[in-house]
Amino acid sequence: MRRLTRIRQIAEFWRIFQDPVLFIGLVLVVIFIAVAVLAPIYKMVEESRTEKGQELFDRYLTSPVYQTIIENTMRMGLITAALGTALGFLLAYVQVKVAVPFKRFMHIMALVPIISPPFAVATAVLLLFGRNGMITRGWFGVRYDIYGLDGLSLVITLSYFTVAYLNLKGMMLALDPALDEAATNLGASKWHIFRTITVPMLIPGIAGSFLLIFVEAVADLGNPLVMGGNYEVLATRIYVSIVGLYNTTAAAVLSVILLVPTLVVFMIQRYWVSRASVVSITGKPSGTPQQITHPLVRWPLFALAMSVCLLIVLIYGVIIAGSLVKVINVNNEFTLDHFDFVINGYGAAAMEDTTKLAAIATPIAGILGMLIAFLVARKKFLGRSALDFATMLGIAVPGTIIGIGYLLVFNRPNVIDLPLLGNVTLIPKLTGGRAIGGGSIAIIMVYVIRSVPAALRTGVAALSQLDPAIEEASVSLGAGNVGTFWRVTLPLIRPAFFSGLVYAFARSMTTISAIIFLTTPRTRIMTQQILNEVENGRYGNAFAYCVILILIVLTAIVILSAAVGTSSGAERTVEGGA
Amino acid sequence: MSETRTGRLVLDNVCKFFTQRGGQAEVRAVDGVSLDIQEGEFLTLLGPSGCGKTTTLRLISGFEMPTSGMIRLDDNDISFRPPNKRDMAMVFQSYALFPHMTVFNNVAYGLRVHHVSRAETHERVENALDLMSLTGLAGRRPNELSGGQQQRVALARALVVEPRVLLFDEPLSNLDAKLRVQMRSEIHKLQRRLNITSVYVTHDQVEAMSLSDRIVVMNQGRVEQIGSPVEIYRRPVSRFVADFIGRANFLEATVLSVEGERVTVRLLGQTATANVNFKPQVGDTVIAVLRPEALVLRADATLEQCMVDQAMYLGSAVEYIVSLGDQRLVIMETDPREENVFAEGSTAGISLIPDSVHLLAE
Chain A
1 MRRLTRIRQI AEFWRIFQDP VLFIGLVLVV IFIAVAVLAP IYKMVEESRT
51 EKGQELFDRY LTSPVYQTII ENTMRMGLIT AALGTALGFL LAYVQVKVAV
101 PFKRFMHIMA LVPIISPPFA VATAVLLLFG RNGMITRGWF GVRYDIYGLD
151 GLSLVITLSY FTVAYLNLKG MMLALDPALD EAATNLGASK WHIFRTITVP
201 MLIPGIAGSF LLIFVEAVAD LGNPLVMGGN YEVLATRIYV SIVGLYNTTA
251 AAVLSVILLV PTLVVFMIQR YWVSRASVVS ITGKPSGTPQ QITHPLVRWP
301 LFALAMSVCL LIVLIYGVII AGSLVKVINV NNEFTLDHFD FVINGYGAAA
351 MEDTTKLAAI ATPIAGILGM LIAFLVARKK FLGRSALDFA TMLGIAVPGT
401 IIGIGYLLVF NRPNVIDLPL LGNVTLIPKL TGGRAIGGGS IAIIMVYVIR
451 SVPAALRTGV AALSQLDPAI EEASVSLGAG NVGTFWRVTL PLIRPAFFSG
501 LVYAFARSMT TISAIIFLTT PRTRIMTQQI LNEVENGRYG NAFAYCVILI
551 LIVLTAIVIL SAAVGTSSGA ERTVEGGA
Chain B
1001 MSETRTGRLV LDNVCKFFTQ RGGQAEVRAV DGVSLDIQEG EFLTLLGPSG
1051 CGKTTTLRLI SGFEMPTSGM IRLDDNDISF RPPNKRDMAM VFQSYALFPH
1101 MTVFNNVAYG LRVHHVSRAE THERVENALD LMSLTGLAGR RPNELSGGQQ
1151 QRVALARALV VEPRVLLFDE PLSNLDAKLR VQMRSEIHKL QRRLNITSVY
1201 VTHDQVEAMS LSDRIVVMNQ GRVEQIGSPV EIYRRPVSRF VADFIGRANF
1251 LEATVLSVEG ERVTVRLLGQ TATANVNFKP QVGDTVIAVL RPEALVLRAD
1301 ATLEQCMVDQ AMYLGSAVEY IVSLGDQRLV IMETDPREEN VFAEGSTAGI
1351 SLIPDSVHLL AE
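Residue numbers (this note's numbering), protein chains in the order written: chain A, 1 to 578; chain B, 1001 to 1362.
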C-alpha cells in the first residue's frame, strides 16, 4: 500500500514533465541561468577566497582608507535610497491622489530617466551646478563645488527614482478607494487617512523601493566616475583595480565586500515584496479614488513636484543643447560637428554594434522573462523559488561584479576531461577580441541577464492578476500546456511582454558597469564611448552620443509597440468575469 | 444539438492530502470519497466551505491528482490523465471567459482545439448560441455582456464540445438572487433535455435540492450522506446533515416501543412514530429531528406551552422563534390566517404534525 502511494507520487511528479516542450524549456532555462548568472558570481567569490585574496581581505578590512570607502558607499546608498523613495512617493502621490494640472507631463518626466544614458545626467548637472555652472556661477555667481557626496546623491537620485515612482504609483492605484471612503465615512480627515491608511498600506512598496534604489546606487559606476571627485566608493575602486591596476584578485575581493550588503538588502527586499501580496488588493476598484483639492495641500505639492520635473527638463535640455553647440557655456555657437563625429566618424561602428547587440538581446530577454514567469507562477516543480531567486540575481548583483565574473569564467575555454572523449570544450572562450564574435556573445549574455529580472517581475505580476481559471478553462476544453500558453496566456499578458521588451532594450543600450570590462576593439559600445568622451572633457561629443542613444531607444519603442502592441483586447480586464 | 455522449463516472476511495508548506502537517482535503455516478445523472456535491467538494471536483477534472484511490470514466482509469484529455468540460465560478476573444471565438475554442472543420464549428457554435438564447451577441466581448449572459456563454462553451461529463464549480454564486433562480431553472431544463452526466458543486442547499438527482453532503473531506433530495431532507443520517440542509430543531425523545424498524417515542408530551435504521432499546433517549414545518402552534391549553419570542410574517408563511424551557425552536407555519398569528410575548400550545419526525441515535 505504501509502495503504491510512492509510485503515485512519482506519477504525479512525472506528469509535470509529460509535456516535452515544457520540460525542455525548463531544462534550457535552468542551464542558461546556471551558466550566465550563477557561474560568474561563484567564480568571482572563489577568486576572492584564494590565499592572495584572503590576505587582501585582511588588509582592506583593517585599512582606514578602505574603511572610509566602505562607509562612503553605504552612506551614499542610504541617502540616495531615502531621497529617491521620497521623490518617487511625491510624484506618485501627486499623480494619483491630488487634483493638479499637467499630470501627463509630470508622468512623462518621471519616466524619462529610464532611458538616461550613464554620465548624461551627471555631466549635465555638472554643467548646470558645478564650479563653472550655468546656474550656480552664471546666475548666482558662486563657485559651488558639487563634486562629492552632495552632487553624487543628487544625480543618483534623479537617475533611479523612477523605480520608486512606478512601484508606488501602481500600489496607490490598486488601493481600493472604498478604504478611503470607509475612513472618510467614519469621520477621518484626509491627513488622518494619509497617516493611518495610505502610508501603512504602502509600507511594503516604500520599503521595496528604498532597497531597490539602495542596490542600484551602491552598484552605480557611471555617476561616481564623473561626480565622485575625492568621494570614493567601492564601485569606482573596483573599476580602477581592473582598468588601472589589472589586479583581478583585488577587484574580486572588493566585489565580495560590495556583494555582501547588496545581497542582504536584496533578500530583505524580497521579503517585503512577498509581504506586499498580503496587503493587496481587490481585483476591481469599487470607484475612482477621491482626489485632494484643498489648496494648502494641493499647490505646495504641485510646486514641489513640478520643480523636480522642470529640473529634469533642464537637464535633458542641457544634453540636447550641449550636443548642438561648440562648447556649451563657453562657445555657444551652433554646430553639427558633434553629430558628424558620432554618425560619420568613430561613433558609427559603436552605434551599429550597440544597437545590433541590444536588438539581439531584447527578444531573448523578453521571451525568457515571460517563460520563467509562466513556470514560476503557474507550474509546480522542485526548485521553483530557487529559479526565481537565481534569475533575480542578474540584477541584484552589481554590474561590475557580473563583469569581473564573466572575465574569470569565459576568458578561456571551459573544458572538461571526459574518460573516453578526452578534453571536451563545454563553453568556448567568450570574452575578449579573439573570442567568437569578437566577444559579442558575452555582451549579449550580460544584456540578457540584466534585463530578464524586470521582465520576470512584470510577467509574474501580470499572471498573478490573471485568474488561473481562464487557463484551466482552456485546458478543460482540450488544449495542452503549450497551446494554452500561446492562445490564452501570452495574449493576455501582452502588455507585460511589451514592457519587458522595452525595458530590455533601454537597459541594454544604457548599461555600462556590467560590460565595461567586456568590450573589445571588435565590439564598440556606445556607453563606453560616452565614458571616453567625458573623461577627455569632450562633452559635446558625449552629449551627441546621448541624444542619438535616446533617439534609438525611442525609435525601438515605436517599432516594438507596432510589432507587439500595448493594447490587447483584454486591456486591464484580466479577470474571467466582468 | 446532436445526441450527447454521456459517461459513467466512478470514484473509488479517492483521497487528496496536501502537505502544508514548511510543516509536516497534512491537510486531508478529500478523505476516502467513493461515488458511482450514473450516465445522465445530475449529482451535486454540497457542503460548507472547506469540506472538500471543490477539491473533489478538481480531482475529477484532472486539475489535481489524487494522493490515493482511483477515478474511472466508462471503466477507464483516468486518475492521472491530464485534464485536457478527459473529455469533460467545466463551468467555472468566475466563468473564466477568454477576455481577449469574442463570444463566438470563446464558444468555438474547444472545437478549434479539437480541429473540428470550419463549417461544422460554425454550425455547432451557432446552435449552442441559439440554445442559450445568445443569438446576436456572437461578436461581443465578454466585458460587454451582463453577468447572466456571461454565464450563458460559459455554459455554451462547455456544452458545444459535447463532453462526456459536465462539471460545474459554483456557477451561480456570482449572480444576483433573481438571476440565480432563473439560471437554475435553465440549467435544470437543459440538463434534463440533453441528459448529460453532470457533477455540480455548491454550498447553496436550495440550488442542490432543486437541480439534483442525488446530493452528496460532504464534511471535512468525507461523504456524510448520499441520497435524493427527499431522502437528504426527510431522513438525514446525522445531526450535521440535518442542520446543513434546511433548518432543524433537535429535541430529546424517549423510546416507548420498538417493533423492528418502527420506533415510537414520546416528546413534547405527545407520541410520534418513525422508521429508524439503528436499534434503540425501550427507555433510551434518542434525538428527534423536527423541521420547522413539522411543528404548529395552537391556542390549546392541553398542549405543552411555549413562549413566542419572535413572530415574523413572511407572506406565504409565518416564522416563529419560541422558547420551551431553555431551548429555542423554529416553527414555520404556512398559509397563515391573520387572526391566527400569535403575538410576540404570548404563550401558545406546541403540537407535532404526524409522520414528520425523524430520529437519530444521538
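Keep in mind that a hint or two might mislead.
Derived pair list, reagent style EDC-like, types lysine to aspartate or glutamate, alpha-carbon separation capped at 20 Å [stated by the list, open to error]:
| hint | chain 1 | residue 1 | chain 2 | residue 2 |
| --- | --- | --- | --- | --- |
| 1 | A | Lys379 | B | Asp1213 |
| 2 | A | Lys326 | A | Glu535 |
| 3 | B | Lys1085 | B | Glu1064 |
| 4 | A | Lys380 | B | Glu1026 |
| 5 | B | Lys1189 | B | Glu1041 |
| 6 | A | Lys380 | B | Glu1064 |
| 7 | B | Lys1279 | B | Glu1261 |
| 8 | B | Lys1189 | B | Glu1039 |
| 9 | A | Lys326 | A | Asp337 |
In short, the hints are calculated from the structure, not lab data.
A quick look at each hint next to the structure:
1. A:Lys379 to B:Asp1213: violated (37 Å)
2. A:Lys326 to A:Glu535: Holds, at roughly 17 Å.
3. B:Lys1085 to B:Glu1064: Given pair B:Lys1085, B:Glu1064 holds - Cα atoms ~14 Å apart, limit 20 Å.
4. A:Lys380 to B:Glu1026: Judged against 20 Å, a Cα distance of about 18 Å means the pair holds.
5. B:Lys1189 to B:Glu1041: holds (13 Å)
6. A:Lys380 to B:Glu1064: holds (12 Å)
7. B:Lys1279 to B:Glu1261: holds (8 Å)
8. B:Lys1189 to B:Glu1039: With Cα atoms ~17 Å apart, B:Lys1189 and B:Glu1039 stay inside 20 Å; holds.
9. A:Lys326 to A:Asp337: holds (8 Å)
In summary, the one numbered hint that this structure violates is 1.
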